[in-house]
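Participant: With chain V's structure known, arrange chain F on it following the hints.
Quick note, the sequences are listed as chains V and F, same order. Its first residue numbered 152, the first sequence is counted upward by one per residue in the working numbering. Its first residue numbered 9, the second sequence is counted upward by one per residue in the working numbering.
Hints are computed from structural coordinates only; laboratory data are not their basis. Quick reminder that beta carbons are idealized off the backbone N, C-alpha and C, glycines included. Mixed in with the good hints there might be a few duds.
Unchecked claim - Mimicking SDA-like on lysine to any residue, the simulated pairs with C-alpha atoms at most 20 Å apart in a straight line are: (1) K407(V) to L250(F); (2) K426(F) to R397(F); (3) K196(F) to M403(V).
As the list claims (entries may be wrong) - Counterexamples of contact, computed for chain F against chain V with all Cβ distances above 10 Å: (4) D34; (5) D43; (6) G77; (7) R129; (8) L137; (9) E171; (10) G312; (11) K426; (12) P435.
Said to hold, decoys possible - To be clear about the criterion: a stretch of chain F counts as covered by chain V if any three or more of its residues have a C-beta under 8 Å from a C-beta of chain V, and this derived list gives those stretches: (13) 19 to 33; (14) 49 to 60; (15) 173 to 183.
If you want the building blocks of each chain, they are given just below.
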Amino acid sequence: MSLDPREELARRLGLAAAPQPRFDSPAQITELLAAHDYLSSADSAAVTFLADRLAKPLLIEGPAGTGKTALAKAVAEATGARLIRLQCYEGLDEAKALYEWNYRKQLLRIQASGGDNGASWHELESDIFAEEFLLTRPLLEAIRSREPVVLLIDEIDRVELETEALLLEILSEYQVSIPELGTVKATQIPMVFLTSNNTRELSEALKRRCLYLFLDYPDVQRERDIIVSRVPGISAVLAEHVARVVASLRQMDLKKAPSVSETLDWARTLVLLGRSELDDDFVRDSLHLLLKYQGDLEKARRELDRSNGA
Amino acid sequence: MLDLLSGFVTELRTAGLPVSVGEHVDAARAVGTIDLSDRELLRASLAASLVKRADYQETFERTFALYFGDRHLNEATIAALVADNPELATTPTDNTPARPTPSGSEVAEQLLEALLADNKRSLAEMAALAVDRYAGIEAGRPVGASYYLYRTMRQLNLEQIEETLAERSFDPSVPFGERLAKESAAAKIDDFKQMLEEDIIERLVDDRGVEAMAEATRKRLLEDIDVMQANRDELVALEKALVPLGRKLAARLAQKRRRRRRGVVDIRRTIRESLSTGGVPLDIRFRPPHPSKPEIVVLADMSGSVASFARFTLLLVHALSGEFSKVRSFVFVDGVDEVTALFEECTDPAEAADRIAAEANMVADDGHSNYGQVFSSFVAAHLSSLNPRSTVLILGDARSNYHPARVDALAAIRRRVKKMYWLNPEPQSYWFSGDSVLGEYAPYCEEVVECRTLRQLEAFVMGLP
Chain V
152 MSLDPREELA RRLGLAAAPQ PRFDSPAQIT ELLAAHDYLS SADSAAVTFL ADRLAKPLLI
212 EGPAGTGKTA LAKAVAEATG ARLIRLQCYE GLDEAKALYE WNYRKQLLRI QASGGDNGAS
272 WHELESDIFA EEFLLTRPLL EAIRSREPVV LLIDEIDRVE LETEALLLEI LSEYQVSIPE
332 LGTVKATQIP MVFLTSNNTR ELSEALKRRC LYLFLDYPDV QRERDIIVSR VPGISAVLAE
392 HVARVVASLR QMDLKKAPSV SETLDWARTL VLLGRSELDD DFVRDSLHLL LKYQGDLEKA
452 RRELDRSNGA
Chain F
9 MLDLLSGFVT ELRTAGLPVS VGEHVDAARA VGTIDLSDRE LLRASLAASL VKRADYQETF
69 ERTFALYFGD RHLNEATIAA LVADNPELAT TPTDNTPARP TPSGSEVAEQ LLEALLADNK
129 RSLAEMAALA VDRYAGIEAG RPVGASYYLY RTMRQLNLEQ IEETLAERSF DPSVPFGERL
189 AKESAAAKID DFKQMLEEDI IERLVDDRGV EAMAEATRKR LLEDIDVMQA NRDELVALEK
249 ALVPLGRKLA ARLAQKRRRR RRGVVDIRRT IRESLSTGGV PLDIRFRPPH PSKPEIVVLA
309 DMSGSVASFA RFTLLLVHAL SGEFSKVRSF VFVDGVDEVT ALFEECTDPA EAADRIAAEA
369 NMVADDGHSN YGQVFSSFVA AHLSSLNPRS TVLILGDARS NYHPARVDAL AAIRRRVKKM
429 YWLNPEPQSY WFSGDSVLGE YAPYCEEVVE CRTLRQLEAF VMGLP
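Extracted from the complex, chain F is given alone in its bound form:
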C-alpha cells in the first residue's frame, strides 16, 4: 500500500500539484487509520491530506481513478476476505455467465431503468457490460481512453438515452419540471460517462501498467495552459476560471492598496487613546489613506494569432475595473478603435468581448498586423485620452509583417503616460526573431512580460502599482 501511495504522490507531483513530504507522511498515516475496503473513505482521506486547493480536485480524481481503481481494491479486499474465511475460496465465482447476453435494445432499456432508479450498483454493472460489448479494447494498441469512451458512447447511443430519460422523469406537478428533468438527466448521463471512463481506464491500466497510463492521461493544470495553444474545451474552462480569479485579484489589490501607505496621523484619536495611559501616546492612530487608483489604458492586438490571449486579458482587466479609476480599451489589427463603450453597455464582459469582432473598426487596410501604423494612428486620434496618471498595457506579439516600426509614435505615447507595459503571449525564446519588432519597442516599456498562462497573467496584475 505504501508503495502504491508513493507512486500516486509522485504522479500528483508530476502533474504539477505541490505535495510536500509532510503531506505524504500525513497521507500514509491517514491510510493507516482507516478502513481500506471503503474506497470512498480512502479517496476522502487522500484528498484531505494531499490536495489543498479546489482547482486541483479534478487532477486528483483522475489520478485516483488510475491508481486506486475499483477493481484493484476489490481484488485486494477479496484476497483479504479469502485469507480470513478459507471456505469462500471454494465458491466458484463464474456462475453468472449462465445469464443470456442481452441484446442492444435490452441493454439500453436496462440502462434506462438503472438510471431512473439511480441505482449505483447496477449502473456500475451496466458500465462494465457496455465496455465489454462496445469498447472493443485491444491489448497493446496505443490509443487513448477517450477513443474507447467515444466508441462505447456512440454504440450505446447515450444521447438518445438522455432524451428518453428526460421524457420519462418529467413530472408536470414539479415547477419548471421540463427544465429540471432535462438537467437531472444530463447530470445522470454525465455520471454514467464518468463510470464508463473509469472502467475503461482500469482496463487499460491492467493492460499497460499504471505509469504508462498516467503519462498518457496527464493534463496540464488550468493555470499552466498556454492560452495561444489551448483547445476549445480548455478555452471554455479558462474563461470560466477568469471570473473567480478576477474577484480574488480585486480583493487582493484592494487590500494591498489599503495597507501600502498609512494616512496622516490622526491627532484627535491619538490624544484620546493616550488618556488611558496617563497622557503618554503609546499608540499612534492614523487616518485611513486615500488610495490612488491607476488609470488603465489597454491596447490589444486582435489579429488571429493572438486574439484569444487579448480576449482573456481584456476580460480580466474589465473584471477588475472596480480597482482602477478608469479603464479604457482599444483594439487593433492595422487600424485602431476604442471599445470602452461596448464594455460599459454590456453587463457581462464576455458578451462585450464577443461583440468586438463584429462591431469594432480595427482593420484599416489588408487585415494584417501593422504595429507602426496602429501606433501612429493612435497618436493622431487618441493621444488626448492619455494623461500622466495612465498606465498603458499593450497586448500583442509585436509581429508587424515587416512594416516600419514607427518607434517615434510609441515614444510619443510613452512621454504622455506614467507607465507602459508590454504583455507578450509568445514564448520568450521567439521574441526577437523573424518579423518581430519587439526589440525596437522594448526600450520604451517599463517591462516586457511573457504572458502565456493564467498564472503569469495573475502575477503581472498583482505586480501592478
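Just chain V, with the same shape it has in the complex:
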C-alpha cells in the first residue's frame, strides 16, 4: 500500500523513474480544462485527477451528448499530449485495433528473396516478422509513442463482448504481447479514456480495470455557463432561460432527451435571430431544434401547455 501506484507501474514497465503526475489537484484540472473551453463538473475533475494519480484508465458512461469524448479531447489539449483515438464499431478486431502484419510486404519480401533453399528459410522467417513489417494500429501506437499520449477508446459498447478482451492487457499492464515479436511495453504511461453510451453492459473484467465516471446532463447552472462560454454574444439571462427550458424538457419522458450540443445549437439560433428573450410561442415553434422525434415534439408541446395552466 505504501508504494505509489505510478512508481509500481514504472518499475514493472522498466521505466527509469516514475513519471510526474500531470495535475496537482482537482481544482487545477477544472481551471486547465476551463481554459480549453471545457467546463468540468466537480466529479469529472476529481475522477480525472484520480485516473492520473492511480495510473488507471477511466471509463466514462452516460447519455449521448454530455461531453464524454470532449472531456478526453480537452484533457489532451490541456496537457499538450497527442490524442490517439480508436473509434469502436461492431466487427472491430485486433488487426484494426492493435497491430497487423503487412502481409503484402511480406509476400513481396519472400518473392524478392527468390531462393527456395532450406538454409535461408530461418533467416527469412525472422526477417519477415520484424518490426519493419508491423503495421501499428491505435492501441499499439499509444503504447509505443515516446511523447505524452492521451488514448481515447470511443464507444466501447459497440464492440462485441469477446472483443473487449483485446483491451484487457493494455488497460491493466500498459503492454501488448505480439507472439512473433515478444512484449511491447509502454515507454510512458498514457492517459486512457474509454467512453460508452451504455447500449450494453460491459464485462466485469473491463470495468474492474477502470475507474468509473457517470457523466449525466449538466445541471442548470453548469449548462448556463457552458452556453455562455460556447455561444458568443448571448446574454446571461437568455442563457439561463435556455438552460432551464432544456432541463425541464429532460424531465419529460421522451424518446431522446436534448443533448448539450443540441442546446448549444438552439442557443446559437436564438443569437442569429437576434432574440434577446424567449417567450412561450417561440419556444413552442423552435422545439424541433431540440427534439428529433415527431412523437417527442408533440408530447413536449402538450406537456408544456398543460402544466402552464393554458
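Facilitator: Just chain F now, kept in the frame of chain V:
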C-alpha cells in the same frame, strides 16, 4: 480510515454490489492521494473506484451517507486542525445558543429564504435545526429514519413551503415560467428532504452504530426485487427501468442474431480481395445473413395474484417487438382475449397495459383462474393464429383453483408451434404444491422458468433463440 473503508466495502457487498478486492485496493489508494477534508472529493473518488454501474449509484449514495456522514468527517477535520493549531482548542464553540430559538413561522420563513437563495450552508443549518425541533429522536427507539423524516416534514409543512416557493420564484418574463418555477421548487424541496434524511441518519448512526443502521436501511437492488411482492414505489421504479432495459436487450438480441450465423460465401468479393494476394484467397468474404426473427405469442394470466408480473412481461416483450417478426398477446383469467390491437393502437405500451383491465374480455365465469378452460377456449378460438414459427410464452402461476387441467388442450397448442416456455413468478419451492397444476403442464414446455425478478426476466429473454 482504512477500517472505515473496509466496513463500507463490506456493506456495499452485502447490499448486492459486486466489489472486487482490486477495487477495494484502488479505493484505498485513492483515499491516500486526495484531500480528505473535502467530502465531495471523497465521495467522487470512492464512487469512481468502487461502483461501476449507474444503477448502483443510489445504493452507493445511501451507504456513503451512513459511513461518511458530514458530522463524522467534520469532527475528524476539526481534531486534525486542533492538533495543528492548539490555540483553536481554547475557543469555546458553544457561543451560538445565545441566539433566541426561532418560532415555527420564523423557521418556515428562514427556510424559504435559504431555498430562494439556494444557499447550501444555511440549508444544511436549517435541516439540522428542523431535525432538532421536530423529529423528536429518542435514543434507542427502534424506528426507521423514514418515520422521523415524515414527522419532521409534516411539522415543517414542506408542501406549503414548496407552493410558496414556486409562487415567489415565478417570473413572468421566463417562458413557461409557471412550469419551470414549479419544477425548480420541487427539485429544491427534494434536495432539502435529502438533507433532512441525511441529518437524521447521521444522528441515528450516532445512537445505534453504523452496522445496525446499515442493516435497517438496506434496500434490495432494483433487479433483485421480487415483482410479486414489490410495494408501489418499487413497482414505479421497476416500470421506469423497463424502457432502458428493453432498449439494451433489443440491441443485444440484434447483435446476437447478426453474429450467430454467417451468410453464404460471397464469391465476387472473395475473388476481388484475393487479387492483392496474388490470386490466393486469404480472406473469405461472406454475404450478410438473413436473420430469422421468431414470432412470439404471449399468453398472460391477468388474475390478481400475478397481474403485476404479467404486466411487466407484456411491456418488456412489446418494447422488444422490433426484434421479433410478430408479437401477439392474449390475456386470460378464466376466459381468453387477444390484446395485440391495444398495443398497436397506443404509442406508449404502458398506456396499452393500463387499458387491458378495462377493455379486455378475459373473464368468462366467476373471475377465478381456470387454466384448463382457458387453454381449451384458446384452442377453439385462436389455434389458427399459431404456426410452426411461433414461440409461445405462458405467464402465470398455474394455480387453477382445482379445476380440471385439460392437458389435451395444451398438447394441441404445443403440436402447432416451434417452442413453448412457461414463466412462473412464484418461487420454485412452491411450484408443485396446493392447487398448482404445473406438474401436469411442465412436460409440454421446453422449459419452466422461475421469473421473479428483472434479472431473471432479462436472462430469459436473452436466452430466446
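Participant: Hint by hint, say whether it matches the structure.
Facilitator: So, going through the hints one by one against the coordinates:
1. K407(V) to L250(F): 16 Å, holds
2. K426(F) to R397(F): 6 Å, holds
3. K196(F) to M403(V): With a Cα-Cα distance of about 18 Å, the restraint between K196(F) and M403(V) holds, given a limit of 20 Å.
4. D34: Incorrect as stated: the minimum Cβ-Cβ distance to chain V is 6 Å, not above 10 Å.
5. D43: The claim breaks: D43(F) does not keep its Cβ more than 10 Å from every Cβ of chain V (closest is about 8 Å).
6. G77: 19 Å, holds
7. R129: R129(F) is indeed farther than 10 Å from all Cβ atoms of chain V, at 16 Å.
8. L137: Holds: least Cβ distance 26 Å, greater than 10 Å.
9. E171: It holds; E171(F) is separated from chain V by about 14 Å at its closest Cβ, greater than 10 Å.
10. G312: For G312(F), whose nearest Cβ neighbour in chain V is about 28 Å away, the distance exceeds 10 Å, so it holds.
11. K426: Non-interface label on K426(F) holds, nearest chain V Cβ at 27 Å vs cutoff 10 Å.
12. P435: The claim stands: P435(F) keeps its Cβ more than 10 Å from every Cβ of chain V (closest is about 26 Å).
13. 19 to 33: holds (count 5)
14. 49 to 60: holds (count 8)
15. 173 to 183: holds (count 3)
The structure does not agree with the numbered hints 4, 5 stated previously, though it agrees with the rest.
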